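Q: Based on the provided sequences and hints, a complete structural model is requested.
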Amino acid sequence: MNPSKQVHELIQAIFSGEATPQQVRALEDWLLEDSSHVQLLVDLALLDGMILDKQKNEDAAAVLNLLGELEEQAEPDFTLLQVPVTETPSADPGEESVTFQDLWSAASYLTAKGLHSRAGMIGSIAAVLVIAVVLFFVFSGAPTQTLQPNSIVDDGSATPRVVAALTAERDAAWERRPGQDLYAGQRLTLTAGLAEITTANGAIAILEAPATIELIHHNALRLDAGKLLGICETDASKGFRVRTPHMDITDLGTRFGVDASKLGATQVHVIEGMVEVASPVIDTSGPVRLSARQALRVDSVKSQQVVYMSSPFDNALAIAQPRPRFEGLATQWLGRPPADLTLGQQTSLALQVFIEQRGLVLDRDTAVDFNAEHAWPASGIGQHTVAVGTRVDVYLLHLDTPGESGDSFIRDGQYTVHFDRPILGVIGAASSLRATDAVLGTKGVSYPVIDPNAEDPKQETASGIDYPGGWSFVDSAEVVNNGTSLHLSLTTGAMMDQVRVLVAADPAGEHP
Amino acid sequence: MSDEPSQPNADLRFTRLWIEAQHTLTGFVTLHVHNYASVDDIIQEVATQATENYDKYDPARPFGAWLIGIARMRIAESYRKQGRSPVVFSNDVMESITEAFLAAQPETNDRLEGLHLCMAKLSERHRRVIDLRYGRQQSSGEIADQVGGSAQAIDAMLYRVRLALRDCIAKYMEGQR
Numbered sequence: 001m002n003p004s005k006q007v008h009e010l011i012q013a014i015f016s017g018e019a020t021p022q023q024v025r026a027l028e029d030w031l032l033e034d035s036s037h038v039q040l041l042v043d044l045a046l047l048d049g050m051i052l053d054k055q056k057n058e059d060a061a062a063v064l065n066l067l068g069e070l071e072e073q074a075e076p077d078f079t080l081l082q083v084p085v086t087e088t089p090s091a092d093p094g095e096e097s098v099t100f101q102d103l104w105s106a107a108s109y110l111t112a113k114g115l116h117s118r119a120g121m122i123g124s125i126a127a128v129l130v131i132a133v134v135l136f137f138v139f140s141g142a143p144t145q146t147l148q149p150n151s152i153v154d155d156g157s158a159t160p161r162v163v164a165a166l167t168a169e170r171d172a173a174w175e176r177r178p179g180q181d182l183y184a185g186q187r188l189t190l191t192a193g194l195a196e197i198t199t200a201n202g203a204i205a206i207l208e209a210p211a212t213i214e215l216i217h218h219n220a221l222r223l224d225a226g227k228l229l230g231i232c233e234t235d236a237s238k239g240f241r242v243r244t245p246h247m248d249i250t251d252l253g254t255r256f257g258v259d260a261s262k263l264g265a266t267q268v269h270v271i272e273g274m275v276e277v278a279s280p281v282i283d284t285s286g287p288v289r290l291s292a293r294q295a296l297r298v299d300s301v302k303s304q305q306v307v308y309m310s311s312p313f314d315n316a317l318a319i320a321q322p323r324p325r326f327e328g329l330a331t332q333w334l335g336r337p338p339a340d341l342t343l344g345q346q347t348s349l350a351l352q353v354f355i356e357q358r359g360l361v362l363d364r365d366t367a368v369d370f371n372a373e374h375a376w377p378a379s380g381i382g383q384h385t386v387a388v389g390t391r392v393d394v395y396l397l398h399l400d401t402p403g404e405s406g407d408s409f410i411r412d413g414q415y416t417v418h419f420d421r422p423i424l425g426v427i428g429a430a431s432s433l434r435a436t437d438a439v440l441g442t443k444g445v446s447y448p449v450i451d452p453n454a455e456d457p458k459q460e461t462a463s464g465i466d467y468p469g470g471w472s473f474v475d476s477a478e479v480v481n482n483g484t485s486l487h488l489s490l491t492t493g494a495m496m497d498q499v500r501v502l503v504a505a506d507p508a509g510e511h512p
Numbered sequence: 001m002s003d004e005p006s007q008p009n010a011d012l013r014f015t016r017l018w019i020e021a022q023h024t025l026t027g028f029v030t031l032h033v034h035n036y037a038s039v040d041d042i043i044q045e046v047a048t049q050a051t052e053n054y055d056k057y058d059p060a061r062p063f064g065a066w067l068i069g070i071a072r073m074r075i076a077e078s079y080r081k082q083g084r085s086p087v088v089f090s091n092d093v094m095e096s097i098t099e100a101f102l103a104a105q106p107e108t109n110d111r112l113e114g115l116h117l118c119m120a121k122l123s124e125r126h127r128r129v130i131d132l133r134y135g136r137q138q139s140s141g142e143i144a145d146q147v148g149g150s151a152q153a154i155d156a157m158l159y160r161v162r163l164a165l166r167d168c169i170a171k172y173m174e175g176q177r
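Note that the protein sequences, when read in sequence, are chains U and P. The opening position of the first sequence corresponds to residue 1 in the working numbering, with each subsequent residue numbered one higher. The opening position of the second sequence corresponds to residue 1 in the working numbering, with each subsequent residue numbered one higher.
Treat the hints with care, since some could be wrong.
Pair by pair, the computed Cβ-Cβ distance ranges are [to be verified]:
#, chain 1, residue 1, chain 2, residue 2, range
1, P, Arg127, U, Asp363, 37 to 45 Å
2, P, Arg80, U, Thr191, 54 to 62 Å
3, P, Gln44, U, Ser16, 21 to 29 Å
Heads up, incomplete: computed chain P residues facing chain U, CB under 7 Å, no partners named [to be verified]:
#, residue
4, His23
5, Gly27
6, Leu31
7, Tyr36
8, Leu115
Derived by calculation from the structure, the hints in this document are not laboratory data. Bear in mind the structure is a predicted one, so any value in this text is a computation, not a measurement. Note that CB positions come from ideal geometry on N, CA and C, so glycine has one too.
A: Shown next, in the form of structure tokens:
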């Protein structure tokens, strides 16, 4: 379908409210020609409505989360007001009748706290009012009860919509395959293999099938069934929470395993560090703390300490790998690269970091474009060397432009990636990248190919970072932080940006 | 124990149905009503009427279709109050449009996710124009005064951006299937 200019003018007239009866009839003739024509009109109308809602605010999403929390905590003879107040960090306990004002206050409170939870639906102020109206009718005939806004929400920090990323898999199969970006409220069922999820706060959850989880927000998820290994080694990830059918586990900086694979009970085994466990059946005045090599089993009536075992989590431990560190969601660690890294194949807008090879021993002097002593682009192309016999880990940093190119899709970004070992050299020119794909890249991955007819005769910018004299904008990169971090300033538009980083490998590591 | 669902459960079900159909409804109203403040008013009127008459809703019928039926009456009423004639498609076309809206409803989550990603790809200038039109509900003339150009150029830009977003979202959704 490729509508004519006249059809586009008719559609514009409809949406502006200025269409004459003759224009309406003309558009109807076109709509009736093919169902795809109707689809275009409907798509544009849906888009208008969604942009309208998006531009207002996202309180309805937070209220929807509130509804979800209320619903899941309900007893079988559920009423909305039977809400157990479990987390009230600063609330003043006490009862007050729930009124329309309370609901509006809850929504306003959530707005003020800047909560943005992605429950799959983004609403508007009108939607919040609608929901408040509806809930008011629900509450108005019910007995009074306490509803404390901050008793439901886990914390008051801003919660981005994309709350995690799928960062590694081994022989994984899914009930419905997720994308790389994962959202609050998203439910995932792993039917085979292992999968690693990294939250926005850097907490790592490695699932072993069969397992079902639901992402709550950037530092919490619900494990409904299966096994999970939690790794929280960054400050930001402390407080990572795993909710299970029988207990809530809060990580205080550690590795721990959770086994909810057996019907009727959940076990937690602390491998390193410490966790807090809360459960209705634990008879204490507050959460219980477990330290390394302690384990607890909880069912619906009791809790008991059990023999600590890490072996149920060996498979998950095996795929936990050292990885680079970075802040925020603009950069994602994704483990092994996907099969296709050609232009437009990745749907994520983030700078993606892949490990191409570990512990590779260079069989020749390998040219690089810049290093800790020489920054890009002043360093020139291929002017520096990493010596033969050097043992390296090879990473690829990849920033793609999904979909169409053009002025509408140019974006600027600053990224800093931290490695645990020194950066020996960085390859950024397209010709250098493509010349090293076969030796330094991952076998089986489709890398971009240099186009001999490319406008830029040097072809240095086709898939690498920009070089002066090529396209209209120039990227920059330098190794910082005593040679262990790479800082990139990238302007990405029609073409992708890639950088290959050679990092000194751990001498004790093995070539995969 | 009674098999009848308790009233609070029914109310919660209504709320869930409403939230699931909300974007379909907003899209339908936006197609017919071009003043965004009026879109809000009509949505709220539909919500109130649907809430009050939920006991008359036939669960065998798609909830979104029921809401669209209420919306058509509210839209017609809105035009009557303004002394204007609404855009009236023929019954055949209206039926096709309604079916297409309802068919799109299960994909709402993917569309919203795609919109989030695709909006982030817009240039600063395009994002600003989108915000002025949809967020602050300014006319094309008012927007042109702020960002430059003519009202006609702003209209054309907004339409091109929406087409680009639509294509971007469609590609994202294709990748999700």
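Q: Does each hint hold? Answer for all of them.
A: How the hints compare with the structure:
Judged by the Cβ atoms, the range 37 to 45 Å given for Arg127 (chain P) and Asp363 (chain U) is violated: they are separated by roughly 49 Å. A beta carbon spacing of about 56 Å between Arg80 (chain P) and Thr191 (chain U) agrees with the range 54 to 62 Å that was offered as a hint. As the Cβ distance of Gln44 (chain P) to Ser16 (chain U) is approximately 24 Å, the hint placing it in 21 to 29 Å holds. For the restraint placing His23 (chain P) at the interface with chain U, the shortest Cβ-Cβ distance is roughly 6 Å, inside the 7 Å limit, so the hint holds.
Interface hint status for Gly27 (chain P): upheld, as the beta-carbon distance to the closest one in chain U is roughly 4 Å, under 7 Å. A hinted interface residue such as Leu31 (chain P) counts as satisfied when its beta carbon comes closer than 7 Å to some beta carbon of chain U; here the least separation is about 4 Å, so the hint holds. Taken as an interface hint, Tyr36 (chain P) checks out: its beta carbon lies about 6 Å from the nearest beta carbon of chain U, inside 7 Å. Among the interface hints, the one on Leu115 (chain P) holds; its C-beta lies about 5 Å from the nearest C-beta in chain U, closer than the 7 Å criterion.
Of the numbered hints listed earlier, the single one contradicted by the structure is hint 1.
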